[in-house]
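Visitor: Sequence:
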Amino acid sequence: MIKAEKNPRIVQRLIFIKARYEGKSVKEASNIVGVSRSNGNIWQQRWNAQGYEGLIPQFRGGSPSKLSDLQKAKLKEMLNERNNWRTREVQDLILQEFGVEYSLKQVWIILQSLKRAGKSR
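Here our numbering is used: the sequence shown runs in plain steps of one and ends on residue 1570.
Be careful, since some hints might not be right.
Here are the simulated lysine-lysine pairs, DSS-like style, with alpha carbons at most 30 Å apart [to be verified]:
hint : residue 1 : residue 2
1    : 1523      : 1564
2    : 1452      : 1521
3    : 1476      : 1452
4    : 1554      : 1564
5    : 1476      : 1455
6    : 1515      : 1473
7    : 1523      : 1554
8    : 1473      : 1455
9    : 1554      : 1525
10   : 1452      : 1473
Label pairs and their calculated CB-CB ranges [claimed, not checked]:
hint : residue 1 : residue 2 : range
11   : 1459      : 1561      : 25 to 33 Å
12   : 1509      : 1561      : 14 to 22 Å
13   : 1476      : 1453      : 44 to 52 Å
14   : 1464      : 1522      : 16 to 24 Å
15   : 1476      : 1552      : 45 to 53 Å
No lab work stands behind these hints, which were simulated from the structure alone. From a predicted model like this one, the values you see are computed outputs, not experimental measurements. Heads up, the beta-carbon is just placed ideally off N, CA and C, and yes, glycines get one too.
Let's have the full structure, built from the sequences with the hints guiding it.
Guide: Take a look at the structure:
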């Protein structure tokens, strides 16, 4: 089953489960695959309740964006007016123009998403 699986996250979880069947503790099996014991406990519970299906990653997404798509488009236009913006400058710009406060990390994430949005795949 492990060799046939293509999703690396599921492979990691299957290796964890295999280690558990080999008699390893949750802590030992978690260390083998490089995750916290709490993640190992979650995987074990899902395996016990749902089997293989319980190991499929469950992406729930994050909080909705504080900026609308229209605001993001306007921000992108503003950023294109000049080169070499610092993250802190963009943070200040977002606060001044849209009244939204973001951490520097979140501003960086927004900048990365705006770069990708302009490229065709």
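Visitor: Could you run down the list of hints and mark each one as holding or not?
Guide: Against the structure, the hints:
1. 1523 / 1564: This hinted pair holds, its Cα atoms lying about 14 Å apart.
2. 1452 / 1521: violated, 43 Å
3. 1476 / 1452: The given pair, whose Cα atoms are some 24 Å apart, holds under the 30 Å limit.
4. 1554 / 1564: holds, 16 Å
5. 1476 / 1455: It holds: about 25 Å lies between the C-alpha atoms, which stays within 30 Å.
6. 1515 / 1473: Violated, at roughly 45 Å.
7. 1523 / 1554: Cα-Cα ~20 Å, so holds.
8. 1473 / 1455: holds, 25 Å
9. 1554 / 1525: holds, 18 Å
10. 1452 / 1473: holds, 21 Å
11. 1459 / 1561: 25 to 33 Å: holds, 26 Å
12. 1509 / 1561: 14 to 22 Å: Taking Cβ atoms as reference, residue 1509 and residue 1561 lie about 21 Å apart, which means the hint holds.
13. 1476 / 1453: 44 to 52 Å: Once the Cβ atoms are compared, 28 Å apart, the range 44 to 52 Å for residue 1453 and residue 1476 is violated.
14. 1464 / 1522: 16 to 24 Å: violated, 44 Å
15. 1476 / 1552: 45 to 53 Å: With a Cβ separation near 33 Å, residue 1476 and residue 1552 fall outside 45 to 53 Å, so the hint is violated.
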